[in-house]
Structures are given as structure tokens and as C-alpha cells.
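From just these sequences and the hints, can you work out the full model?
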Amino acid sequence: MTDISGAQAETPATARPMGLMWSLSPVLAVASASIPLFFGGDLAVVFSMIGVGLVTAGSVWVMRARMRALQAAVPSSAALDQGGDADALAVLLHEILPAWQHHVTSVKAQTEDAVLQLSQSFAMVLEQFDLAGIASVPGARSESANNIGLLTLCERELQPVVGSLQSVIEGKDAMLANIRHLASETGQLRAMAVEVGSIAAQTNLLAINAAIEAARAGELGRGFAVVAAEVRKLSQRSAEIGQSIGQRVDRITKTMDKTMAEAEVANAQDGMAVSVSGTIVDDVLKHVRNLGTASETMHTHGLRVRKEVEKLLMALQFQDRVSQILCGVGDDMVRLQHTLETVPVNALPTPDDWLSSLGKTYTMQDQYHKPPRR
Amino acid sequence: MPKSRDALKVLVVDDDPFQLEVIADTLRELGVRDITQASGGDQALQAIKNGAAFDLMLSDLHMPGMDGFQFLAAVAQGGFAGALIIVSGQTSDVLHSAALVAKLRRFTVLGSIPKPVDKTVLSQMVATLG
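Protein sequence lines, in the order shown, are assigned to chains A and B. Just so we're aligned, residue 1 is where the first sequence starts under this note's numbering, counting upward by one. Just so we're aligned, residue 1 is where the second sequence starts under this note's numbering, counting upward by one.
These aren't lab readings, by the way, just hints derived from the structure by calculation. Treat each hint with caution, since some may be false.
[Claimed, not checked] Quick list of in silico lysine to any residue cross-link-like pairs, SDA-like style, CA-CA up to 25 Å:
id	chain 1	residue 1	chain 2	residue 2
1	B	K103	A	K108
2	B	K103	A	Q269
3	B	K9	B	D25
4	B	K103	A	E262
5	B	K9	B	S123
6	A	K286	B	R106
7	A	K258	B	A81
8	A	K108	A	L358
9	A	K258	A	Q243
[To be verified] If you only want the chain A side, here are some residues facing chain B, beta carbon under 8 Å, derived:
id	residue
10	V276
11	S277
12	G278
13	T279
14	D283
[To be verified] A few chain B residues that don't get close to chain A, going by computed Cβ distances all over 10 Å:
id	residue
15	F18
16	G31
17	N50
18	D55
19	P64
20	M66
21	A76
22	Q90
23	H96
24	P114
All C-beta atoms in this analysis are idealised placements derived from N, C-alpha and C, irrespective of residue type, glycine included.
Structure representation (C-alpha cells):
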């Protein structure tokens, strides 16, 4: 603050009384503006406006004069009287520079820590993306390809299941056809049993006739009568066997009819089960397809997020530049401190020399600083 | 053989007591008198095991312990002769799949009703019982 007041002390003497006078200009302007409040009429307004205009123009002129005076004072501060002020500045800088340095180091450390933490977090996010199979590397496509592969796999595995169930039903159909064929065969068997019965009856009749004829022949026919009696017995046994065959065939036919009826009911149920199984397979495949689509969408969005995170990670590399520049500033402060300690005030390097040696540490074009025109 | 509504024996299975009451009330309004409420699969299986010949069962799908699919599998093993209505707050996809699985398990599936239960829909389904 003392420096600034020192610079003001260098203001040319001519500017001082004018400055004092014109520093009252706001009061004059307000006073001019308030003229119409006290004196009514158009003329008062005109006077007021002229007054405000004059005071404002005067203020602007004085301000410009002061600015010029201040600018003139700056070069003269380079030629400070070699004693008091320059030494005071050196002492001040000696005290202040370490504080600035401390701040620069602290800023550097804090941003470095924070950026390191951010980088680590983002790197972990990327790692999680990798684990979730969302990778920007060429393996990425294989993930969605895997989903499609899984779907095809399901189709390939499940369709044959339905197919094999169908073939079981078809096998059963063939068996049913065989049973139906057997049923017709037993029908014929029944007819044959009836035939056997009728042959037995006819044989019996013949035997009776033979017995009658044998009786007529008297003594000569006695042997023949014995034969006729035996034939009759045989025919009766044949009739019994024929009847028994008939009964058995009837029983078989009944069992077969029952089996057929049950098999047909079971067949209808199995057919229904197979058709429902087919629908279930389609249903499951639909679910798998939906899952695949959902996972594909998730993958697409995940990939987008991943790319953004990668960009963020790249952007965080600004920290390197920040650290570099802060390092440069810190080093330069040390240099300034060292120079102030070792070089007498009157032998200090010129700003241009200083900046050119600072410029040697620059690594990037954007570090070059254009001093403001004086 | 069709039964009149007041002769129907109905079993309602839901883990939510409020839902149980709402469905039972709706059934009562439709003229059903014999209603058994079960708060879960185990309780329902016990009721069936005790020999009650239910003509109709309304079952939820999402239940703690034994879920609807497991419950239906267990009921099917015991040979359930009654009809089935699936009542659930799940998406239509899940309802459709559950109905298919129940059909495969030889249930007479009258249909599936999303929650909250619509009285008209329930009435139409019960009407198909005769």
C-alpha cells in the first residue's frame, strides 16, 4: 500500500489542485441536476442539462489527465531513489516470496493429489467396465456375438427336444396301429373258433348217423359202432375247445378295446403336452431374445459411458502441464529471492533479461507471456 | 359335471393378507360360498392333502419361500383335479409363461388375471366352470 501512495506522490503538481477541485464534480453534477427542483420552467431544465454536461466532461478530462500522470509515474519508479523504497521492496519480497512459494507448492500438491485420486477412480471404473464385458478393445463385439450365440444354442438345443417328443408320439402311433391290426386278427380268430364249433357239431351228427348205420348192420357193425362212439367223443371235445377259444378271444378283444381306448386318451394328452412344450420352447426363446436385446442395449450404453470416462482420463493429463508451469513459477520465485539476497538493488537485471532467462525453461508456446504495453 | 356357484369349493393362495381378503370378497360377491384361504404354498398343499377336493384354485406367483411355479409343480405331483386361475402382479410375459407351464403340468388353466383383480374378468373365468 505504501508503494501505491508513493506513486501517487509523484503525480505532477499541476494536476493536484485541479484534481481536488474536480473531485467535487459529482456534487456539482448533482447540484446542476437538481436546479429544476428549485427553479421551475424550461430554461432551468436547459441550464441544468448544460451544467451536468459541463461537470461530466470536466470530470472525464481530469480523469484522463490523472491516468496520464500515473502512467508517467511508473517509469519513474524504475528510477526510484536508490535508497529507502527499493530496499523496502526487497525486504517485502524477501518476506512474501516464501509465502507465495508455499502457496504454489500447496496448490501443486493438492491438485496432484486430487487428480491422482480422480485418475485412480476412473481407472477403477474402466476396470469394472472390462469385468462387465464392456471393453472398447476388439473383444467388444464378441460379447454381443456371444449373446446371439447363446440364443442360437438355445434354439439348437431346445428344438430337438420337441422333435424327440414328437417322435415318441409317432412311435406310439405306430404301436397303436399294430394293436388295431391285432384286434382285427382276433376277430378272424373268433370266426375260426365258431368254424371249429360248427365242424364239431357236423362231426357229431355224422358219428350219430354212423352209430345208427352200425346198429342196422347188427353183429357185423359192432366194431364200427365203437369207432363211431369214439368219433362222437372227439367231436364233443372239439366243440368244447372251440367254445373255450371263442371265450378266450372275447376276453382278449375286450382287454384290447380297453387298452386302445386308454392309449388313445393318453395319445391325445401327449400330443397336447408336445404342442404345449413347443409353445414353451418358443416362449423361453422369446425371453432369451429379450434378454439378449436388453444386454445389447446395456452394452451400447456402457460403451458410450466407457468412452466418456476414457476421455475424462485423457483430460486429466492437464495436471502434468499445471505441475510443470507451477514448478517453473516456484523455481523462478527461488531465483528472485536468491537474486535479491545476492545482487545489490542497483545491479538488478532488467525485466527483459529476467523474462528471457525465464523463457529458457518454457516447454510450450502458450507459456510465453506478452508484457502489457505501457 | 357343472356345479352351481354356491356348491363350488375354491382355494385362494396369496402371501398378502389384503389380496387374499380382496379376492375372497370378490368371489363371495360372485356367489361362491366355500372359500379356503392359504397364505403360502405350504399351507395350500396342506389343505389339499387334508382331502378337500377343490373345484378351483387361484394362486399368486410371487410368494416368499415356495414361489408359484414350485407350488404348482408340487400340486401337480399330488394330482389336482380342479381348475386353476393364476393371479399375479407380474408382467404379462410372466403370466403367459406360468399359464403355459401349468398347462404342461396338466392343469385345467382357466386363465391368468393381473393384479389388481378385476371382478368382471374373474366372473367370466369362474363362469367357464359352469
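Hints versus structure:
A distance of roughly 72 Å separates the Cα atoms of K103(B) and K108(A); the hinted pair therefore is violated under the 25 Å criterion. In summary, the hint linking K103(B) to Q269(A) is supported, as the alpha carbons are separated by about 11 Å, within the 25 Å threshold. Proximity of K9(B) to D25(B) is assessed by CA-CA distance (about 15 Å); at most 25 Å being required, the pair is judged to hold. Simply put, K103(B) and E262(A) have alpha-carbon atoms about 21 Å apart, close enough for the 25 Å limit, and the pair holds.
A C-alpha spacing of about 15 Å is found between K9(B) and S123(B), which places the hinted pair at or below 25 Å, so the restraint holds. With a C-alpha separation of about 23 Å, the suggested pair K286(A) and R106(B) falls inside the 25 Å cut-off, and the hint holds. Among the hinted pairs, K258(A) with A81(B) is consistent with the structure: their alpha-carbon atoms are about 23 Å apart, no more than 25 Å. With a C-alpha separation of about 19 Å, the suggested pairing of K108(A) with L358(A) holds against the 25 Å cut-off.
Taking the CA atoms of K258(A) and Q243(A), the gap is about 23 Å. The hint holds against a cut of 25 Å. Satisfaction of the interface hint for V276(A) is found here, the shortest Cβ-Cβ separation to chain B being roughly 5 Å, below the 8 Å cut-off. Checking S277(A) against chain B by beta carbon gives a least distance of about 6 Å; that is within 8 Å, so the hint holds. With a cut of 8 Å, the hint placing G278(A) at the interface with chain B is violated, because the nearest CB-to-CB distance is about 10 Å.
Checking T279(A) against chain B: minimum C-beta separation of about 6 Å stays under 8 Å; hint holds. Satisfaction of the interface hint for D283(A) is found here, the shortest Cβ-Cβ separation to chain B being roughly 5 Å, below the 8 Å cut-off. The claim that F18(B) lies off the interface holds: its Cβ sits roughly 30 Å from the closest Cβ of chain A, which is beyond the 10 Å cut-off. Its beta-carbon lying about 32 Å from the closest one in chain A, G31(B) satisfies the requirement of being farther than 10 Å from that chain.
Once the 10 Å rule is applied to beta carbons, N50(B) is consistent with being away from chain A; the minimum gap is 28 Å. A cut-off of 10 Å between C-beta atoms confirms that D55(B) is not in contact with chain A; the least separation is 21 Å. Distance check for P64(B) against chain A: the nearest CB is about 23 Å away, which clears 10 Å, and the non-interface claim stands. Distance check on M66(B): its Cβ is at least 21 Å (rounded) from any Cβ of chain A, clearing the 10 Å threshold; non-interface status holds.
At roughly 12 Å, the least C-beta separation between A76(B) and chain A is larger than 10 Å, which holds for a residue marked as non-interface. Its beta-carbon lying about 13 Å from the closest one in chain A, Q90(B) satisfies the requirement of being farther than 10 Å from that chain. A beta-carbon of chain A comes within 10 Å of the beta-carbon of H96(B); the shortest separation is about 7 Å. At roughly 18 Å, the least C-beta separation between P114(B) and chain A is larger than 10 Å, which holds for a residue marked as non-interface.
Comparing the model with each earlier hint shows violations of hints 1, 12 and 23; every other hint is respected.
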